[in-house]
Every structure is written in C-alpha cells, then in structure tokens.
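Protein chains: 4
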Amino acid sequence: MIIVMLPGATHREVDGVVARIEAAGLRVHVSRGEERTIIGAVGDVRRLEPEALQVLPGVERVVRILHPFKLASREWHPEPSVVKVGDVEVGGDRLAVIAGPCSVEGEEMLVEAAKAVKAHGASILRGGAFKPRTSPYSFQGLGVEGLRMLAKVGKSLNMPVATEVLSEEHVGIVAELADCLQIGARNMQNFALLQEVGRTGKPVILKRGLMSSVDEWLQAAEYILSEGNHKVILCERGIRTFETYTRNTLDLSAVPLVKKLSHLPVIVDPSHATGRADLVGAMSKAAIAAGADGLLIEVHPDPPKALSDGQQSLRPDEFGRLMGELERIASAIGRPLTGVCHSGSGRQNSGRQAGSGRAAGMV
Amino acid sequence: MIIVMLPGATHREVDGVVARIEAAGLRVHVSRGEERTIIGAVGDVRRLEPEALQVLPGVERVVRILHPFKLASREWHPEPSVVKVGDVEVGGDRLAVIAGPCSVEGEEMLVEAAKAVKAHGASILRGGAFKPRTSPYSFQGLGVEGLRMLAKVGKSLNMPVATEVLSEEHVGIVAELADCLQIGARNMQNFALLQEVGRTGKPVILKRGLMSSVDEWLQAAEYILSEGNHKVILCERGIRTFETYTRNTLDLSAVPLVKKLSHLPVIVDPSHATGRADLVGAMSKAAIAAGADGLLIEVHPDPPKALSDGQQSLRPDEFGRLMGELERIASAIGRPLTGVCHSGSGRQNSGRQAGSGRAAGMV
Amino acid sequence: MIIVMLPGATHREVDGVVARIEAAGLRVHVSRGEERTIIGAVGDVRRLEPEALQVLPGVERVVRILHPFKLASREWHPEPSVVKVGDVEVGGDRLAVIAGPCSVEGEEMLVEAAKAVKAHGASILRGGAFKPRTSPYSFQGLGVEGLRMLAKVGKSLNMPVATEVLSEEHVGIVAELADCLQIGARNMQNFALLQEVGRTGKPVILKRGLMSSVDEWLQAAEYILSEGNHKVILCERGIRTFETYTRNTLDLSAVPLVKKLSHLPVIVDPSHATGRADLVGAMSKAAIAAGADGLLIEVHPDPPKALSDGQQSLRPDEFGRLMGELERIASAIGRPLTGVCHSGSGRQNSGRQAGSGRAAGMV
Amino acid sequence: MIIVMLPGATHREVDGVVARIEAAGLRVHVSRGEERTIIGAVGDVRRLEPEALQVLPGVERVVRILHPFKLASREWHPEPSVVKVGDVEVGGDRLAVIAGPCSVEGEEMLVEAAKAVKAHGASILRGGAFKPRTSPYSFQGLGVEGLRMLAKVGKSLNMPVATEVLSEEHVGIVAELADCLQIGARNMQNFALLQEVGRTGKPVILKRGLMSSVDEWLQAAEYILSEGNHKVILCERGIRTFETYTRNTLDLSAVPLVKKLSHLPVIVDPSHATGRADLVGAMSKAAIAAGADGLLIEVHPDPPKALSDGQQSLRPDEFGRLMGELERIASAIGRPLTGVCHSGSGRQNSGRQAGSGRAAGMV
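Protein chains in written order, with our numbering: chain A, 5 to 367; chain B, 5 to 367; chain C, 5 to 367; chain D, 5 to 367.
Same shape as in the complex, but just chain A (with noise of 0.2 Å):
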C-alpha cells in the first residue's frame, strides 16, 4: 500500500500516518520527496484497510498495490484449480457443459430434459428448486420436493447435479442431495449464505453478481475459500449497463483477466446474460473460444410452456445443434467437450475424434 500525502502535510501527520501503519503490523517506508511524502506499507496489508488510512490526517491518497484477495489469487496458487463435481472434472483439459431446466417443474418434463442434454453431451444436469424471483407474486420453485426429484433423476441418469441455494436454512439439505451448489448473483454478497456453503466442503459454482467487479467477485470466493472449501468454481452471467436489449451484458472479457488473477475455474452462462434463447449460441461459441472452462446452459422441453425463464431456454433441438457447433470450436482450441461418458468407460473424447466420440455418447 502507498500513502501519499498532501504537498503541505506535517511532519506530525506523517509520524501519525507511520503510527497507524506500525500499530497493524506492517512495516513502513517513508520518502521525502521534493512535493510530497511518500509512505510504503509492507507486510499483510490485508490488516489494514486503504479508507482507515485514507481518513487520517495530511493524507491525500492511498493506493493498494496487492490484490484484496489471497487463497483465490494465482500468486497463491499458480497452477490452475480443477474441481469435481460428481466425476466430471471443472478447470481441466476438457470443456464441461452444464445444462437442464432453469426450473424443476415435474418429474416428467426434468427426466425429459436430463435425457436430452446428457444425449447431445452435456456432463452436468442443472434445475432450479429454490428460485430467486423478483417478484413474491412469481412461481417460486418447488423447493425440497424439486430437490429430491433432481437428485433421483440425476442418479437414475448418472449424472452429477447442480442445484442453487438461496437461504443459509437450505444449505444443509441442498449439500446433502446435490452435487454442486449455486450461489445466484443477488447472492454474491450474502455474507452468511456464502461462509455457509464454505462450511459444507461441497463444489460451488459462484456466479458474478449484476452490480459486482471482479475484485468483488474474487472476494466473494475468498468468503468460501476461507471457510476451507477450495471447491469453487465461478461463473460470469452478465453485469447490469444501460442496454436493455439483453436482460445483462455479458462481461466475456471477464473469463481471460480472472484466469489470469485467480487459479478457480470460470464458466459462463449465456442464458441468464443476455435473457434471450436467440443469443445463447453465440455467447456459448464466444465464451468457449475466449477461454472458459465450461458453460452453464437452459434447456427446456417446451420453452413456451417453461414455469420460469421460458424466453431464454432452448429446445433440446437448438441445444443438440449448438453442441455441434460447440465441439468444432473446442476442437479448434484443443480443449474438447467433456462429454457425457465422464466416468472413463466409453467416451474417447481426444480432438480427433470428436465427431465419433460424440455419436458414441449419444444415449
């Protein structure tokens, strides 16, 4: 941390200055400039805050040099984080594909969805139980009972699932029953759900909040991290700016810088970003291509009859196409789809055979 102080500052305010640093533990270095007094913090300065020393006296402007995050940061941990969710493997050599229903609706509809997404190569199955709504006046998921039914058909399918948590009083039934959980983005800053899931040692999928840099982002994770659970995977879904086209915009630049300053493994979800099914296929070959380790999609049997989120969905058609189109751009960047034949035994996935390895996983 640098502390810069006013051209007039006092000799008594920059000791004051010295002081404070000195009281947290760190060590100082002061240059007399011709114009100003320029104070060096060295140490952790994750004990002192740049606004503590920012209100002090003769200061006019501090500057954070390191980073605000520690167990999420590459200097930490150079060499990237692979997390397993299930079998399937988030942050490694292959692309992992997260799909299903924004909305376990039934039974019925979920099994449909998990048979089609796990046909056209998705490794994951997703659906919603608990469902943030805006509005109280909106279907809010069938909460428990939308749980066990994820974790049967996920079983049946052998397929891990994901399902999002949005109360601290459901995180322990939703870490019993499901393989990964989802923090949503008005969640990103819920401090007590976040230590929460850090505690149950259980994969999380992070995603971005609307409102959140990626400094805030990367310390939301630190949350989780601190807690003792490594497991996080993070996801970017869209920042809310002025165009109202798309229900977000997606931050795609975000994917290349947070691999650069964090190890955790990034995903992006297209459908929730821009909040419109016409669009989710080119962010999806977008995001593959710049970088990200997976993709989060919504399918939906019947997107018009969808209880939530309709609009973005895609028909198990449109998702069995863009999976096509997904596998050639992988291939083009040596990253090949996971697959569905995750647990090893058929699918030889290699860039090569992409094609046939695909067809060969098709249930």
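Please note: incorrect hints may appear among the correct ones.
Heads up, the list lumps identical chains together, so a pair's fine if it works in one copy or across two of them.
[To be verified] In silico SDA-like cross-links for lysine to any residue, where the CA-CA straight-line distance does not exceed 25 Å:
(1) K74 <-> Q58
(2) K264 <-> P308
(3) K309 <-> L52
(4) K264 <-> G279
(5) K206 <-> E172
(6) K206 <-> E173
(7) K119 <-> D282
(8) K264 <-> H234
(9) K206 <-> P136
(10) K309 <-> G324
(11) K264 <-> V67
(12) K74 <-> S142
(13) K159 <-> T248
(14) K159 <-> Y249
(15) K159 <-> E55
(16) K309 <-> V8
(17) K264 <-> T248
(18) K156 <-> H81
(19) K74 <-> E93
(20) K264 <-> P320
(21) K264 <-> E26
(22) K264 <-> P54
(23) K206 <-> G338
(24) K159 <-> E17
(25) K74 <-> S217
These are computed hints drawn from the structure, not numbers from a lab.
All of these numbers come straight from a predicted model, not from anything done at the bench.
We have chain A already, so just place chains B, C and D on it with the hints.
Frame of chain A, contents of chains B, C and D only:
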C-alpha cells in the same frame, strides 16, 4: 399487459397467446389491425409474467402496463404511510435524522457518539453490530455483543435504535433487541432474509441495491409487505456507475419518483452513497430539498480511529453544524426536523426558533 | 506519478523506466524496498501519460497522483471563477436561472416563453436553434433563422441568450449572435468543436457527457481554457445508468465535488437529466441545496405542442411556482436568485424580503 | 406506436391524442377496454416521436413498436450488406482483419507495422493521423502529414487504408486520401460529422459510443445512410461500465444482436475495448466465434515506444501468433480470413487449406 404480435402472425399463434392468458385467469381483448394484431390482457397480470408470453410463437413484444408491485403502490394505498420507529415518526410532517457510528466498536465510543448525535437533533440511533464486509479479512462487527450494547445505550438515552441484519439466523435476536431492522444494499434481493424480516412485524429500513432499478426495489419491499409487515422505510444510498470519485452515485431523483409510485417513506443515506465525509453535507441538504423523509448519517467521535467507514463519517462537531444548516432548509420547505424531543413534550422546532430549539434539545 | 515495479523487476527494467521519465523532462526518485521498487516521477507529468509507462517491461502499475487537468483546477486558480453572460454573473453570490424553450419554434412562442421566464425571475434566455437529435428524421431546429429570432427576442427583453452549437461550421455565427454558447452532452468530447469555441472568447456552457467521468469533463473544459477562453460554465445534466424511469440519472454529488476540484461555476439542468416535468421541481431544489451556481430549465408556453422535449418542459405557471420555492431555499442557504434586475439597480433580494423582492422583479 | 391512456382518461383526452396522431399523417385505431383505452398509431411513426405524445393530457404511457431506424434495418434490407474497402469485402464470406498502429508516428515505423500486419494476414491497414485525446496536452497525431504517409504506405503495399476523421473540416482531405473513414466512439453522435461523411460516399467505420445503446448506434448509422451513403461498417468497441480492470466492457452480445436487427456488417475492436494487450487475443477469438465480420486490432512494432495506446497494442510476433489461432476458429465456423491476397490473384483460403493458405499469403 399488451402483446404485440409479429407482422405475419397466424390465427393459430394468436389463439395460442389468448389461451395462455385465459389459462392464467385473465380476460383477453384482441385488436386486429391492418399490420399487426394486438392483444390486451386484463385482470391481475401479476399472475402472468411478460416473459412467459414473450416466448410464445408469433409474439413480437410484450409490454407491461401495470407496475409489478401492488402493496407498495400508491394506487393501492394513496395516502403516504408513516412508519413509527419507537416514538419517532418517519414519513410524517417532520424529517427524521438517524445517526450514529458505522460499527458499534465498544460501549464507551457508542455512548459518546449517541450523546453527540442526540444533542444535535438526531432522533434515532444507528450502529452496526453485524457488518457486511467485502473482504472476509475485514472487521466483521461485534455481533450479538454489539447488538446488546446498542440496545442498552439506546434505552439509556431514550433513543430508538436501528441496526442491520445480515443473516436469517439473526433476525430473531435483532428483532428482539432493536427498534428497527435494516436490510443492506447487498441483501436487497436476499429474498429469504426479506421474508424473514417480513414475519417480525418490526420496522424495516430497506436500502436500495447498488444496481437495483426502482421497480426491483419496490418489489423487494413487496416481499416484506406481503408477509404482513407494512412498516417499510425505503432508503436510497447510491447506485453503481462508472464515476470513481464517489463510492456510488446518489440517485436523488429516485426520491420524488418513488414518492409518486409508492406510499412508503423514503430516506437517504449520503454517507454510503458518496463514501466521502466532505460531500455528506451537500448531499444531505439536497436530499431534504428533494423531498426525502429523513436521513441516515454516519457520525463517529474520532473518524480516523473508526474500524470501518471512517472516511465517510462526520465528526460530532461537523454533524452539529450540518444539522443547523439542515434546519434552515427544512424550515424553508415547511418540514422541520424531528429533533430529540420527538415525544412532543419539549421542542418547539419552528423555523423561527430553529437555533434556540436546537439548543434546548441538547443533553 | 508513481510507478510500482513488479516483484522481480530487474535493474535494467528499472533503468528503462527511469530513462523514459527523464526523456520526458521529469525528475525521478527511485525507492528500492525489500519487495518492490517504487519510482516517483516529479515535474509536469502532464507531459507523460500513465499508459506510456504502463507498457514498459517490469512495470506492475502506474498511479497518477496529480489531476489530469491544470487550468481548470483549484490548485491553479484557488478562487471561484465568476463568468459573466451579458450582465449576468454565474458563479457569484447570486444564483442564475437560465430558462426558455427547448427549441426555438417560432418568434411568437419564443416571445411568450421569454416574457414568462423573465417575469418569474430567470435572468438568461435559452432556446435551441440547432438541435442534436438521435434520429435524422426528428425536427432538427430552425437553424440560423431560429438563432436570429433568439437574438432579437433576447435583445428586446434585455436578456442575454444562450444556445447550443453543434457544428464547427456554425461557431462563428453563433458566437456573433448569442451571448453564450452551449456544448451539448453528446459533443463534450468533440475536441474539434471544443477548440473552436475556445477560440471565440465567448462564455461557454459545457454540459457533462452522458458517459463522462468528472476527470474527462474537466479535461474537456481544459480544451477550451487552453485556447485562452476562461469563460467556461460547467453543467451537470445527468449520466447514463441502468435506471429507466428517468431519462438519465442526475449526479448531484458532482456539484460539490467539482466545486472542490475546480474554480469553474457549475450549474444543473434538471430538465434533460430527468426527462420528466414532474421531477424537475424537486431536482431544481436539490441542485440549489447541493451548492449549484444556477439552473438550466426548459419552459414552454404549451408543452404538449412542443416540437421537442415537451415531456420535460414546465408550463410558465409551473415555472413560476417553482421559482417561488427556489427563492425560499436560496435564501435559506444565503444565495438569493439573480432575478431579472441583475444589473443591481433594483432588486433587494434578501432572505427576509424574498417574496416582495420577487414581486418587485416582475415585468 | 401504442398509446396507453390513464385509467380515468376522458373522451376529450382521447380525442386530443387522436388528433395529434392524425395531424402527423398517421392512421389511428382506438380500442376502449373496461379499464383503459388503448390507441394504436399506424403508418410511418418515424414522423411522430413518442415523447410528443407522452406529454399529452390523459396519456399514461407510449410504447414504440417499430424500431426507430429504417434504412439500417433488416426489414428494409433483408440480405446482409457487403461493404467494399478498396478490394476487400467486409461482411461477406470471409473475415476481414484491419490492423496497424494506433497513431501514425512516422513513415519508417508505419512501413514496418504495415509490412508485418500484411505478412500475417491483415487485409486493411489502419493508422491514426488525427487523434481524439482526452487531454489537450496529449499527442494529437501528425494530422494531414500523417494522413499522407498512411496513404503512401497503403498504396506501396497494395493495402486499403482506414483512418479516423475528427472534424468536419477534415472530411474532404480524409475522403480523398483514405479508402475508409472512421468515426470514433466519442463522435458517434456528432451529427454534423455524420452528415458530412455521409455526403462523401466513402466506406465509413462507425464505432459504437461508450454509452450508446444499440438503438442509438443504428440511428447514428441512419444519419449516414440517409445522406445516400450505404457503405457503413459498424464497430463494437466496448461500452462503459463500473468495471475498472478493463478500459471498457466489450459487449460481444451486440454482435449477433445487431446482425439480427440490421443488414450492416459488424466488426469488433478488442484493443480499445479492453485497453490491455494481454486480453486482445482472447477477445479477438471470441468476437469471431460470436459472428463478427472482422476485427480492428492495434499492432505496433515496439509498443513501449508508442506515442499512444502502447499498452493495448500487440507486437508483430504476437499478432502473427494470434492470426494463426484465429484461422483455426475461422475455419471451424466456416468463414476463413480474408488474408492478404484480397485482390484475388493468389490465396486460396478455404477452411481445408487454412494453414498453407496463410503461409502462401506471406510477404
């Protein structure tokens, strides 16, 4: 709700939309023009989301006509609501100033801060026991211990107290010990927490999220109201924009706007909005002039020593000077400050006697 | 400027940075710490952009310490500047209200509007002859003909006139006929136009761009100032955010902020910021309370018939009522409105006599 | 356009709206429901702005149904437009890469840069002669001298050249010497400049403004098109958001979106969007995968010595590697790069022979 069909929409597509609307229990009015067919849905459209229609074949656009909130709306409740926090009215003829330190750091400092803000005319004491911090390594508040201190100090000075609740788990204890619960900006769409505070029946200050539209804010209020708790105070505290000189951008136009859309009282928090003590005064005055029902201001006996948000906290003397200026503007617009003698016994706070009134109010 | 080197930066890399700084004519101060080397660049850093150093090998981060503007800064010119538009002072003890129709639509309506705003206390007449329209199919203004009408009406009523200039080509004629040139938000970084108006020596109202940071705004002012024209009036008119109820989001905190950073007067345009006549009053009052030096308000004799911006224009009677309310707030903060008798002879506009003062000022 | 009347709107108010619509030459369709009256306006609604109706008594809301642009729309021109810059097609089967230095700094460096980008497969040379700089103290470009250098180098290497025009005054000379004019983001709504370049008939790259919606961008294109110049290439270059790691936020979803709304070609500038050389590669690949018709990439022989934007410029070898990666993705999506042999004689750049095709194309 108005559904505009695509230029070439077929009769069958029109019928599909009509069927879907009627299935939701609404009446339908179809208007076939030369170029397009337009369908109106009449009834409680809160039972049917625009997105559900958007996805139907042949639909070009769905336009919501009614607001997506009901209990929070002026149509539902034309008269402005007055919310009582202890004996202090928020939303009535007088302006309420809620002040105190960002965090409860200890009893001594809290007493000092509380006496100071009361002496200068604040009528409700604020102080954070549970602190939402971007980093897990920052001071997280004294928790229940801090909450007990706050309750004790408030009682001893006869000031109702307001404090933030972060976790569903703590709603019970906070509702027991505090007079008013605060939902922070980052939790504005933590729906589980909203429902939980809705069940307490206690006054709730609902801060606007950093990237929440006014519609979303009022729908968040609707979550609390629909649990039967009508004591909601809205608090504008800045939205996130590209400008970096200030922590957020205070959206003061939201004050008169929300007062048109809703009957709920609206207060303003210039401390968090600007993040700079040197702008708090100007924005407090502007908020009053814009029609806010009150202010939420951070005051610390010694800001450079604050464990959080020192850079935006006023010193007691600065707060005192500001209160003098606010009284003049409050008088000019005909809404005097609530002052300390809110129970009516002492203070004659007319514009004329503002100065002496304030002196009389001192402890 | 401070250059923070990467942890393992070599001596050669440090020397490279030093050489680059010295080549720009600045002095260098190198401080080698245990973990990092920090380099300070002293002198007129405006000759060296941070980006030019950021790209050098071994550099982690470059931190600008000084503001990127000079002539616009308070350090350069500690006293507030007063800009005279005709006989009316902007930035002095009194508040200036600039009012009139969005567009000059014809002489008759202009006379009617001008008489009304003058009667109610506006001191400068505004009216658009060249209109910047998002669509090429919208009414583009009457051009030079409208400009001549404006000049004529202003002269006949003894009111200085302000009008927007859109094109370098028209700077000459506008400077000849108007007392004050306005640069619109969309042209804030039209550098060719800024330089051109800088060369006229005429007062310029420089609106903040919808997308412009305060630093960029003051650098745009610097373009005008550096041409030798010091008569710049800054105008906050809202920035673009995600909120859609209002056309833009009025950033009132920019008013006290810019008055700290710069000596230039700052006025506020609540009409364009909100885009809604029903919010103009509240935001005008808030702007005055926040410390603005004046207001720019759209008034139209018959808003429903306006050829542009009718939805945000006040009727003359609404404007009159608002001026009464503004006077009370202006008195409360000790800065009476300029009124019509700006040449000083007539109006005694103390807080006490605000009402009669205004009456006396009527035409 | 649909006009929704307020619940209690009178017959007279309805008649007022009808009269206004008919006065604009449109037909009217009135639908009186139980709760509200809804009025449809049929015809060329571009002659009537929603705002003009919004202000009429009794109107609750005006909803635009048609897009506010016409010549730029897909409805008007269903087939994608191909714009030829010199001999290079933009918007056709092949992808065009426009590359070169941010500024023309001298002939020697320009020749070096141009040879390098041509050798690696760029087909159009870019270089700035007139530079829009935030600060008046920054390097402003070599002006006409730089323009002449650019033209000369382009000619000698048989590459068409593109360069920005900042001022109406320079449109003539730029149109004379360059093959393609560029309108920068800050001038996207400089309507005088748009009209001026519209009159030249030369290809125009129209960059999206930092805070411009897609609708505004297409209306800006409409300004050029409506002057009779149909050679408009749209360029997404990032919008302004709250994120600060990147200079702007590249809105890649705008690519497939705009290609649905408009027939005009869309290219992407990852250099300005991210402001960081280390993100240019990933975003270039993503842009191609998202469906962009081309890229605009800054390449400098020695970025640390660049007079502008060095931090975002690629070195020639980095550019070469990137082009190799882009070719693989381009082949995967079936749209090979235009390559250097745009005049048709040499390069057979089918997906099959992408590798050898590029080698053959080298200088």
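Do the hints match the structure? See the list:
Taking the shortest alpha-carbon separations for K74 and Q58, both the intra-copy value of 22 Å and the inter-copy value of 24 Å come in at or below 25 Å. Within a single copy, K264 and P308 get their C-alpha atoms only as close as 40 Å, which misses the 25 Å cut-off; across copies the closest is 22 Å, which meets it. In this homomeric assembly, K309 and L52 come within 25 Å of each other (Cα to Cα) only across copies, at 12 Å, whereas the closest approach inside a single copy is 53 Å. In this assembly of identical chains, K264 and G279 lie within 25 Å of each other by CA distance solely across copies; the values are 16 Å between and 28 Å within a copy.
In this assembly of identical chains, K206 and E172 lie within 25 Å of each other by CA distance both inside one copy and across copies; the values are 15 Å within and 21 Å between. For a Cα distance limit of 25 Å, the shortest separation of K206 from E173 qualifies both inside one copy, at 16 Å, and across copies, at 21 Å. For the identical chains of this complex, K119 and D282 are intra-copy neighbours only, at 23 Å inside a copy versus 40 Å across copies, given an alpha-carbon limit of 25 Å. Taking the closest pair of Cα atoms, K264 and H234 come within 25 Å of each other only inside a single copy of the chain (18 Å); across copies the shortest separation is 42 Å, beyond that limit.
Taking the closest pair of Cα atoms, K206 and P136 come within 25 Å of each other both inside a single copy (21 Å) and across two copies (24 Å). Taking CA atoms no more than 25 Å apart as the test, K309 paired with G324 passes inside one copy only; the shortest distance there is 20 Å, against 49 Å between copies. When the C-alpha separation of K264 and V67 is checked against a cutoff of 25 Å, the pair qualifies both within a copy, at 21 Å, and between copies, at 21 Å. Taking CA atoms no more than 25 Å apart as the test, K74 paired with S142 passes between copies only; the shortest distance there is 13 Å, against 39 Å inside one copy.
Proximity of K159 to T248 under the C-alpha cut-off of 25 Å is found in neither arrangement, the shortest distances being 40 Å within a copy and 43 Å between copies. Taking identical chains as interchangeable, the C-alpha atoms of K159 and Y249 are never at most 25 Å apart, the minima being 39 Å within one chain and 42 Å between chains. Taking the closest pair of Cα atoms, K159 and E55 never come within 25 Å of each other, the shortest separation being 50 Å inside a single copy and 32 Å across copies. Proximity of K309 to V8 under the C-alpha cut-off of 25 Å is restricted to the inter-copy arrangement: shortest distance 19 Å between copies versus 60 Å within a copy.
Taking the closest pair of Cα atoms, K264 and T248 come within 25 Å of each other only across two copies (15 Å); inside a single copy the shortest separation is 30 Å, beyond that limit. For the identical chains of this complex, K156 and H81 are neighbours neither inside a copy (36 Å) nor across copies (47 Å), given an alpha-carbon limit of 25 Å. In this assembly of identical chains, the alpha carbons of K74 and E93 lie at most 25 Å apart only when taken from the same copy (24 Å versus 46 Å across copies). Taking the closest pair of Cα atoms, K264 and P320 come within 25 Å of each other only across two copies (23 Å); inside a single copy the shortest separation is 34 Å, beyond that limit.
In this assembly of identical chains, K264 and E26 lie within 25 Å of each other by CA distance neither inside one copy nor across copies; the values are 32 Å within and 32 Å between. In this homomeric assembly, K264 and P54 come within 25 Å of each other (Cα to Cα) both inside a single copy, at 24 Å, and across copies, at 22 Å. In the homo-oligomer, the alpha carbons of K206 and G338 never lie at most 25 Å apart, since the shortest distance is 29 Å inside one protomer and 41 Å across protomers. For the identical chains of this complex, K159 and E17 are neighbours neither inside a copy (65 Å) nor across copies (39 Å), given an alpha-carbon limit of 25 Å.
In this assembly of identical chains, the alpha carbons of K74 and S217 lie at most 25 Å apart only when taken from the same copy (16 Å versus 31 Å across copies).
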